[in-house]
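Top to bottom, those sequences are chains H and U.
Counting from 170, one number per residue, gives the positions in the first sequence under the numbering used here.
Counting from 170, one number per residue, gives the positions in the second sequence under the numbering used here.
It should be emphasised that the hints constitute simulated quantities derived from the structure, not laboratory data.
Bear in mind the structure is a predicted one, so any value in this text is a computation, not a measurement.
Be aware that a few hints might be false.
If chains are identical, the list can't say which one is meant, so a pair holds when it fits in one copy or spans any two.
To be verified - Calculated pairs, SDA-like style, for lysine to any residue (alpha carbon to alpha carbon, straight line, at most 25 Å):
1. Lys314 to Gly254
2. Lys251 to Gly285
3. Lys251 to Phe270
4. Lys236 to His266
5. Lys236 to Asp221
6. Lys314 to Arg196
7. Lys314 to Asp291
8. Lys251 to Ser307
9. Lys251 to Asp334
10. Lys314 to Arg199
11. Lys251 to Gln182
12. Lys251 to His304
13. Lys236 to Phe270
14. Lys236 to Pro273
15. Lys314 to Pro286
16. Lys251 to Gly183
17. Lys251 to Asp322
18. Lys236 to Arg193
19. Lys251 to Ala237
20. Lys251 to Ala194
21. Lys251 to Thr177
22. Lys251 to Val185
23. Lys251 to Leu335
24. Lys236 to Thr177
25. Lys236 to Ala194
26. Lys251 to Pro320
27. Lys251 to Gly337
28. Lys251 to His338
2 protein chains.
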Amino acid sequence: MKTRLADTPCVDQGLVHRAEDIVRALRDARLSVVTAESCTAGLVSAVLSQADGAGQVLHGSFVAYSKANKTSALGVDSELLKRDGSVTAEVVRQMVHGALFRSPADLALAVSGVLGPSPDEDGNPVGLVYFGCGHRNSPVVVSRKNYGPQPHDVLRHRVVMDGLDLLGHSTGTR
Amino acid sequence: MKTRLADTPCVDQGLVHRAEDIVRALRDARLSVVTAESCTAGLVSAVLSQADGAGQVLHGSFVAYSKANKTSALGVDSELLKRDGSVTAEVVRQMVHGALFRSPADLALAVSGVLGPSPDEDGNPVGLVYFGCGHRNSPVVVSRKNYGPQPHDVLRHRVVMDGLDLLGHSTGTR
């Protein structure tokens, strides 16, 4: 296998700095976390893992990039996905439930949206993202954001940052 | 929720360029993929998702950062983890099998190792990493690498790059 030296950090350090705050808040609240990620594809989990003390709070992630994997890995209703697509409040709600059912975590964050460059196969526009966040045995809090069309990586950065912020907010809402 | 603009890409572009090659190879070989990640925590999946055409080959990832999640999300034997720790050939083999069992993917890549800054709780040294890669109904190919102690982010970069290379290599070994 080839190897190369890194000239730059693997992940944007602004995101990692924000993750440090969130991991500290989760530790203070004695909450463990799992993510369920579609469009971000594991980046929220990867960013959280780079914070000091992540091992005490992060269980991991279920990355469901394809519709088929949303059903097989997280138990999201395949008829719902077929009928309404992947970017809905009910899908992120089911992603949160699926992740909590399949992991020991106290808290789950789900993200499903369209980062572009094109609308998704169901016609959802670039920039539309649903977030879901829920504690075990509590209702899932869903938020919908429409960032509008913007450069791919700017959008990705904002979505990951907002996902982290939502997790941070949820440490105080149990 | 606060938002900030990104000044830099979320993920190192050298990794994304390599992922472009791998996604192209997977498409040419008509193979879909899932990852099972411990120390990389979803970064291999996130990098793959940023390549053009990722939606045609990437199902997602099972990120099992904690031991408990290796068992609950991937079905890794908890007694094995307790006895031998998380960084072994058998653990990555079970991670590959678990990911293929829980997703529709043709091919799975598993990564488990110690990125540091300290040895893991079982005394495995920083820089020790096991990779597993397997097609459905085929034996898992396991490789062990000892990168030695080195800066955190250099090590992470090398591990993700080697994981991508192993996937690329596996497109031709079905």
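Structure-based check of each hint:
no., hint, in the structure
1, Lys314 to Gly254, "within (16 Å within a copy, 41 Å between copies)"
2, Lys251 to Gly285, "within (20 Å within a copy, 43 Å between copies)"
3, Lys251 to Phe270, "both (23 Å within a copy, 23 Å between copies)"
4, Lys236 to His266, "both (16 Å within a copy, 21 Å between copies)"
5, Lys236 to Asp221, "between (33 Å within a copy, 18 Å between copies)"
6, Lys314 to Arg196, "neither (28 Å within a copy, 32 Å between copies)"
7, Lys314 to Asp291, "within (18 Å within a copy, 43 Å between copies)"
8, Lys251 to Ser307, "neither (27 Å within a copy, 32 Å between copies)"
9, Lys251 to Asp334, "neither (30 Å within a copy, 34 Å between copies)"
10, Lys314 to Arg199, "neither (29 Å within a copy, 35 Å between copies)"
11, Lys251 to Gln182, "neither (38 Å within a copy, 34 Å between copies)"
12, Lys251 to His304, "neither (27 Å within a copy, 28 Å between copies)"
13, Lys236 to Phe270, "both (19 Å within a copy, 16 Å between copies)"
14, Lys236 to Pro273, "both (24 Å within a copy, 10 Å between copies)"
15, Lys314 to Pro286, "within (17 Å within a copy, 37 Å between copies)"
16, Lys251 to Gly183, "neither (37 Å within a copy, 36 Å between copies)"
17, Lys251 to Asp322, "neither (28 Å within a copy, 40 Å between copies)"
18, Lys236 to Arg193, "between (33 Å within a copy, 21 Å between copies)"
19, Lys251 to Ala237, "within (10 Å within a copy, 33 Å between copies)"
20, Lys251 to Ala194, "neither (38 Å within a copy, 29 Å between copies)"
21, Lys251 to Thr177, "neither (41 Å within a copy, 36 Å between copies)"
22, Lys251 to Val185, "neither (35 Å within a copy, 30 Å between copies)"
23, Lys251 to Leu335, "neither (28 Å within a copy, 34 Å between copies)"
24, Lys236 to Thr177, "neither (33 Å within a copy, 30 Å between copies)"
25, Lys236 to Ala194, "between (32 Å within a copy, 22 Å between copies)"
26, Lys251 to Pro320, "neither (28 Å within a copy, 46 Å between copies)"
27, Lys251 to Gly337, "neither (32 Å within a copy, 32 Å between copies)"
28, Lys251 to His338, "neither (32 Å within a copy, 34 Å between copies)"
Violation of the numbered hints given earlier is confined to hints 6, 8, 9, 10, 11, 12, 16, 17, 20, 21, 22, 23, 24, 26, 27 and 28; the remaining hints are satisfied by the structure.
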